[in-house]
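Chemist: Each chain is listed here by its residues.
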Amino acid sequence: AQSVTQLGSHVSVSEGALVLLRCNYSSSVPPYLFWYVQYPNQGLQLLLKYTTGATLVKGINGFEAEFKKSETSFHLTKPSAHMSDAAEYFCAVSNPTGAQKLVFGQGTRLTINP
Amino acid sequence: GAVVSQHPSWVICKSGTSVKIECRSLDFQATTMFWYRQFPKQSLMLMATSNEGSKATYEQGVEKDKFLINHASLTLSTLTVTSAHPEDSSFYICSARGGQGNYGYTFGSGTRLTVV
Chain A
1 AQSVTQLGSH VSVSEGALVL LRCNYSSSVP PYLFWYVQYP NQGLQLLLKY TTGATLVKGI
61 NGFEAEFKKS ETSFHLTKPS AHMSDAAEYF CAVSNPTGAQ KLVFGQGTRL TINP
Chain B
1 GAVVSQHPSW VICKSGTSVK IECRSLDFQA TTMFWYRQFP KQSLMLMATS NEGSKATYEQ
61 GVEKDKFLIN HASLTLSTLT VTSAHPEDSS FYICSARGGQ GNYGYTFGSG TRLTVV
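Just so you know, the protein sequences line up as chains A and B, in that order.
Residues in the first sequence are numbered consecutively from 1, following this note's numbering.
Residues in the second sequence are numbered consecutively from 1, following this note's numbering.
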């Protein structure tokens, strides 16, 4: 079975500051990892994903994440927060084979302070 | 890019009635679609996985007779909430696999269901 733990249900940073959202996963097979963003009353938008290859993955809106197998982590970062980054962020894991369904973490609400 | 259209975006219905939610992949074929339920300020809970032309696979604890899922074509899956009750009020989101390379999942914009 796979699982995802997002440390911190709520993160608050100042505009222009570094954003760091933490995600740790558990998987018995090499996982595929994803970060999604959700704005109120909307669906999920893919920020980035890791499947194979380079462990540092760059996504949209200046976000990036690094897959660290030894730490079973896939933390999301952005060097400089913007007000428009305020949203709910979900880390997710899937098994590359089989049903390939996504398993989500509990989410982290990011607040940007002016 | 890959687009999944979900309708309606919100619906209010009376207790005891049924509501159908549609999920369409507009520019790609989705052999697999997923239906999620999201409670306020919580994560997404997978309800079922549907494959085109076959019966949906429901997650443990999800009533298949209450949440009817049909995936009749490669671009359309529907979720019907039958005999809805207030406790069925929630945000329902569909997702289709494909459209972003082999390992992408594209999400619909969600449906806010309120049962009164």
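The reader is advised that the hints may include incorrect statements.
Taking lysine-lysine and the BS3-like style, the derived pairs with C-alpha atoms no more than 30 Å apart in a straight line are [said to hold, decoys possible]: (1) Lys66/B - Lys41/B; (2) Lys14/B - Lys64/B; (3) Lys58/A - Lys64/B; (4) Lys64/B - Lys20/B; (5) Lys20/B - Lys66/B; (6) Lys14/B - Lys68/A.
Hints in this document: simulated from the structure, not taken from any laboratory.
Chemist: With reference to the structure, classify each hint as holding or not holding.
Modeler: Against the structure, the hints:
no. : hint              : verdict
1   : Lys66/B - Lys41/B : 24 Å, holds
2   : Lys14/B - Lys64/B : 21 Å, holds
3   : Lys58/A - Lys64/B : 39 Å, violated
4   : Lys64/B - Lys20/B : 14 Å, holds
5   : Lys20/B - Lys66/B : 12 Å, holds
6   : Lys14/B - Lys68/A : 49 Å, violated
Violation of the numbered hints given earlier is confined to hints 3, 6; the remaining hints are satisfied by the structure.
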